[in-house]
Structure formats: C-alpha cells, structure tokens
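Asks: What follows is each chain in one-letter form.
Protein chains: 2
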Amino acid sequence: MTDWMRETADRYRRELLEDCVPFWERHCVDRECGGYFNFLARDGEVFDTEKFMWMQWRIVYMFATLYASPHRQDRWLELARHGYDFLTRHGKDDNGNYYFALNREGVPSVAAYSIYSDCFAAMGAAALYKAAGDPACRAEAESAMAHYLARMDSPKGRWDKSLPGKPRRRTLGHFMMLANLGCVLNDCLGTRQYEADIVRSARTVLDSFWCEERRVLFENINLDGTFDLDSCDGRHVNPGHGLEAMWFILQHAEQARDAATIEKACRVIRGLLEFGWDPEHGGMFYFRDALGWPHIELQADMKLWWVHNEALLATLFALRLSGDPFFLDWFRRLDDWTWSHFPDPRHGEWFAYLDRRGDPTHTLKGGKWKCFFHLPRCLLLGARQLEMLAEGG
Amino acid sequence: MTDWMRETADRYRRELLEDCVPFWERHCVDRECGGYFNFLARDGEVFDTEKFMWMQWRIVYMFATLYASPHRQDRWLELARHGYDFLTRHGKDDNGNYYFALNREGVPSVAAYSIYSDCFAAMGAAALYKAAGDPACRAEAESAMAHYLARMDSPKGRWDKSLPGKPRRRTLGHFMMLANLGCVLNDCLGTRQYEADIVRSARTVLDSFWCEERRVLFENINLDGTFDLDSCDGRHVNPGHGLEAMWFILQHAEQARDAATIEKACRVIRGLLEFGWDPEHGGMFYFRDALGWPHIELQADMKLWWVHNEALLATLFALRLSGDPFFLDWFRRLDDWTWSHFPDPRHGEWFAYLDRRGDPTHTLKGGKWKCFFHLPRCLLLGARQLEMLAEGG
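Chains as they are written, first to last, in this note's numbering: chain A, 137 to 529; chain B, 137 to 529.
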C-alpha cells in the first residue's frame, strides 16, 4: 500500500509539473494587455478574450501558491505578479468592489455583483504576499477580505431579485468560502486574526447545513435553520461543493486538533460520496434533488472536473485523519474513474465537462468557469496528502 | 403522400387532444390558490409550487387558443380565465411591470426583471380576449404590449450588469418575439395596429441577424449591424430559436403575400436545419458556436423538446409555402427523431431534456422553462399545416 501511495503521489506530481502547469504557462498569459486569457480551447488556443475576475484572481493564487511550494520556480512569482498588477490597476470600482469581468484591455465589462470576486481577490493577494512579502499585497488581501465580510449579510446587494414571496435562505457557499478564506489568510498573512470566522463558519456548515436524517448537505436552508423540502432550491444538493467544504474544514480541524469536528466532517464526506456517486455510469453527479425529484438545472447529471478534484481531496484528507479504509476504497474508485475520463490524451490538461456516461461534451480547457485552479490545487495538495499517507503507512 | 399527411395530422391531433391537453388539465390547475402549477413530475405530481410568469401566462394563452380553435371545449375557457384572474390580481408591480415569479399564494417572489414576462402577458390576455370578448382582457393585452415596446431600448433596465467594456448588442429574441406578438395581437384583437412593428422586426431579423456567408442566424449582433466573431456571445447560435423566428415570419409573410420574405425565410430555415442537426446522433443541438469553438454553456449539446417543436413547425410552414421537397425530407427526419425520443410511453406527455444521444436526462413534464405551451402549440398548428398540405397535395 505504501508503494501504491508513493506511485500515486508521483503520478499527481508529474501531472501537475509536466502537464497542467506547462499548459497554462504556455497559453494563459496575455503579454500584450496584462492579466490572463480565460478561454482556452483543447490545444490552448484563445477563443475569447474577456477576463473573468474569479478566474483571474484564482490564477494569481495558483501561481503564487506554486511558487511558495517545494516545487518553486522563479517564473511563477513573475506570472502571479503579472496578473496581480493588471487586476489591481483595473479590477475595482470606486467603492472597492471587484468587478465581475473586464475586457481584454481592462475596461470593466460586468458589474461587481458577485461576493466571490472579493473572495478570490483576497485569496490571490494573500498568496502573493506569502510568496513575495510585498506589504501592498497584504493590504489588498485584508481590504478584499473586509469587503467579503461586509457583504455576507446581503451578498447580492442591489442585484438581489428576490421579493417577500421568496423564502429567505442561508447559502452554503458563503460559509464554506469563509472557512477557506480564513485558513488561506491566516496561513499566508501569518496571523490568527480570522480564527473566529473559520470556527463559526465551519460550525454553521456542519451543524446547520448537514441533515443527519437524510445524510446530505443542503445548499440552501431557511433562516431559522430548518430545511425546506417543498421547493427545488430547498432540496438542491451539490455534492462536489459539500466535499470541497469538508476538506477546508478538515484542514483547519487538524491544525486545531479538534477530533469531534474531524469525525463529523468524515461522516458528512461519507454521506455525500454515497449520495453523489452515479451507480450506473460511475463518477459524481453535479447536482441532485435530496428527495429524488427531477433537478431543474439542465446540466444536473453531468460529470464535472472540479467536482472530482474536490472529491479526491476530501477522501484523502478523510483517509489520513480518520484512518478508515472506507475512504481508501472511495479514493481508489474516484481516482480510477477520474483519471480514466478527464485527462486529454492528445493535448494534455483535463476536459471540463463530460456527459453522464463520461464522454466529453466540450473540449475547452479554460472557460467562464474553468481555469488554472481546481486541477492544479488538487494535484498539488493530493500529492502531498498521498506522501504523508505513505510516510505514515 | 396525401394519405401520409392526413395520418400524420391525425397523429398530431390525437397527441394534442388525447394526451397532452388531458395531462395538463388533470395536473396543472391550482384550485386552492389560483393560477397553475409549473413543476410537474413524470406522472404529473407537483414538486414545487412557485409560479413563474412566463409559464403562467403561456398556459392562459394556450387554453384560450385551444378554446378559440375548432376543437373548442367550454372548460378550456374556464381554465384560461382561472389563470388570468390570478395573474391580474397578483402579477404586476405598481409600474405595471409583470413580476418574474410569485409564490403559490400570489405573493411576488422574483422581481420584474424580464421583458418576456410582459411579452407572454400580452399574448395570454390577447388570446383570452379573442376567446371571451371581455374588454378588460383587451386592455390588459394592450397595456402589456405597450410595456414591452417601451422596454425594448433597454430590456434589462436597472438589472443590466453590463459596463462599457462589454460591446453593446442587439438580441434576436427581442425582435423575433415582437414579430410574434404583433401577429398574435393583430389576430386576437382584430386590428392592424401592430403591422409596422411586425414588418420592422421581421426585416431586422432577416437582414441583420442572418449571416449569408456562414448561413447561420446569430443571437447577438453589434449595434452597427456587424457580427462579432471574436467572442463567445457574438458567435452564439441557437438553432431552435432561429427556426421559431422563421415560422413567425412565414406566418405573417403568407398573409401579406410577401414572396421575397417567404423565400428569404425558407433560405434561413435551410441553413439552420443543416447547421443545427447532429450528424452523429440525430436531433437538433441546443446551442452551437458559429465557428465551431467550444460553446461555453454546459447544456449546449443537449436535445430539447421545444427546439424540436419549433423545427417541426418551421419545416411545415416552409414546405407548404415553398413546395420544396427539401423541407419534406427534413420534416420526415425531424418528425421521426422527435417522436421516437420525446414522448413518454409510460405516463404520456413529452420529456423535456435529452442528452446528445437522445436519452432523457430528466423526467419532468413541467419545470421552470417547460409548461403547457411549445408542445400543444406545435401539435395544434402542426396538424393544421399537415391538413392544408394534404388538401393541397
């Protein structure tokens, strides 16, 4: 088993350093206008030049994080800085909110409606501070984080279309990202300032969004903490999202030596794996209805790369922290399905979208929602988890 | 051929009167709170009670239209009225804009952000006026139409997130719906008041959105009439949308005895059929990129019921008005694929969403975007076109 762990770690590391990173280094950098290209076709060719802030800041985060890793290459710091300079020059409105998108030259194209733009700006700037030590990056990270926290009570602000007939909800994403943001900022800025935010949000996710009776993690719950089983959005489950939240929580619980949280998060992971797995064709569903009603989103039964990246990381964290062979079985099953369906044998990197059977529906490598983020993060952290497992095994 | 036309007309009529209409009569009427249920599972069971205005008004339109058809049943007038009363009581804000959604009891749940809510309100109220002759319905239709026209210059109003870095566009949907709205209102209200709107919008669609060089109808064009081939939204093609626009235009061109428009619309239909058909698995794609780049929407390669309903109608109108056997071949091909994939053999009515291969991805009969509208309209008008073809043949 130890040998298998080591070989698997090598496979993840090689995929990261010999395939994924070179693909993005080669194709995503806009040397003419600054920032990065989001839209990359199968072979890396650019098929649109709009610059989406989630994606741009995530690429800053990823290059900075790689530079701060044991694999450090000097050019990664320059590539992170390249995006950061473009984004801090063009990316914010007068109130400090991050636009949703810019055009190629940096002129804002979509208004600052998404709280997650603030979120990824905070993560990107913090990772660059850790890599380069520039105090301006630290200030940028702290200001973006302050914006994120200030927006949590009304994340959509003036863009909120809901009226009194719509039940008000709490949304999993806002809490899970706060847990992750707090961890990234504490680590990168060398502080414990966000400890209370992390603990509070992890607790909310585990205590309020998890339904013990049905063994699912809901995406939307009522303000009073009850579940709404009568509506589509009340029953909406996004297993990849929940699994991502769980490894964020496990990562912090390990540092905090919080055994009860580790146990609970492992329990949630077990539930989501069993609920989200497609027994017929394999792979994890994108969306499911908790009671088995039809899901209203057209893409619900598709298989997405990031869902599988997050599921792999969640099972590895759970395996290492619990020692439960249940998670080894699941890691092997997920690893096998993921690696036999997502990597592109012809041009490298991974496909983003497969149909339920596992056939690619798209050939894009980068798009409005895929960039240099989930895959390299999974490969980097996955290799590290596997090495730790091999050493402990 | 005449016999085949007659048999096919019978098949469409039976599917309408013995399957589709009874399914919706049985399951969609909310006798307790008024209006209709949108969300119907495979067997008709309600799985959410939110009431989406596009869907609600479309159901009013459809029952009123059926009542005014040769198949008239008295109860259809009552069913149209049932929705109309609920919607006029609850469905508008103080400025006369139609909300996007209400909760079951009629409390507004989603703000009036969509110009198409006005559009379907105008169509529903006009059809009910034709059916029942109530002057209040006529006033409702005229006021909704006035709203639609007033919003056309800035359809998203305060909900528009685009900033100066986003190229401004004209959108096919706004013009094609104006052509349809004008025809419905002229017919139902017994007027020629909207003649200029119809002619102007049909001309815009055919002259500006059609690209002769690539033989596709674009969804979004630049304000100066040029095509933007460098961006995903500039290259976006929705073949079902274009085919729907074409039979709206043919319907009017026939009345106006406008041979040049008939010829041009038939040419567009030919282009869209060839561009939108899936040569590998059959059926019409939902979305395609005009230059063959990956489409950014996840559901792009799926097969949707309404796309096939509109394609069937477009080929029938084109066949009858042009006499070109090309459209007979295409009608038979589309009819065969559609009828062998969409109807639900167990519970009746049609599936909404299939994957690229033609397997259902969802079992819902009604949802956020499917209701009692495209299918019954296709069956009603399709049967009539087929009868006319049989008589002429």
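It is worth saying that the hints were derived from the structure and are not from the lab. Some hints here could point you the wrong way.
[As the list claims (entries may be wrong)] For lysine-lysine, the following PhoX-like pairs were computed, each having C-alpha atoms within a straight-line distance of at most 25 angstroms: (1) K504/B - K302/A; (2) K266/B - K297/A; (3) K504/A - K292/A.
The structure displayed is predicted, hence computed values, not measured ones.
Asks: Look at each hint and say if it fits the structure.
Replies: Here's how the hints hold up against the structure:
1. Only pairs whose Cα atoms come within 25 angstroms are accepted, and K504/B paired with K302/A is accepted, the gap being roughly 15 angstroms.
2. For a cut-off of 25 angstroms, the pair hint linking K266/B to K297/A is broken: about 34 angstroms separates their Cα positions.
3. Using a Cα cut-off of 25 angstroms, the hinted pair K504/A and K292/A holds, with the two alpha carbons roughly 20 angstroms apart.
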